[in-house]
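> Take these sequences, add in the hints, and give me the full structure.
Those letters in the sequence shown? Residues 0 to 115, per numbering that gives the first Met the number 0, in order.
Read the hints as simulated data drawn from the structure, not as lab findings. Careful, some of the hints might be misleading.
Derived Cβ-Cβ restraints for the label pairs, each shown as a range [as the list claims (entries may be wrong)]: (1) Ala75 / Gly21: 29 to 39 Å; (2) Thr15 / Ala89: 20 to 30 Å; (3) Thr68 / Asp20: 13 to 23 Å.
Predicted model, so just to flag it, every value in this text is computed and none were measured. Glycine is no exception: its CB is placed at the ideal position from the N, C-alpha and C atoms.
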Amino acid sequence: MLYVTSGNTNTVHAYTINGADGSLLPVAGSPFASSGSPWGVTADPGGQYLYVTNIGANSLSAYLIGSATGDLTPVAGSPFAAGDQPISLAFDPARRSDSPFGGVTFPYSVAVTMGP
0 MLYVTSGNTN TVHAYTINGA DGSLLPVAGS PFASSGSPWG VTADPGGQYL YVTNIGANSL
60 SAYLIGSATG DLTPVAGSPF AAGDQPISLA FDPARRSDSP FGGVTFPYSV AVTMGP
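Take a look at the structure:
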């Protein structure tokens, strides 16, 4: 399976990958709705859930991945509040229940020069 975010359309595209030639076939129902400029995407280590950062909505969307088809079903309560402009995420390799994933927020700074 391959999942790709589209920030302009607030969607997640899902594809199956042809093992023989690498071509892509859209999954039925794709693209799937997300919110606020989806950006980063990753699946949990077990391949059951897909998580998407929404940089424009300061949130994280969570989906159940269909085991037979790869289609996406939003998890109850999704999207979830996240830090300021989340762009990526990573799972804790130890899979501790108190820390299922970590996020990285978009760092920025502003410099202002006044006068001539």
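> If a hint holds in the structure, say so; if it doesn't, say that too.
Hints versus structure:
1. Ala75 / Gly21: 29 to 39 Å: 35 Å Cβ-Cβ, so the 29 to 39 Å window holds.
2. Thr15 / Ala89: 20 to 30 Å: Holds, at about 25 Å.
3. Thr68 / Asp20: 13 to 23 Å: holds (21 Å)
Every hint, counting from the list given before, is met by this structure.
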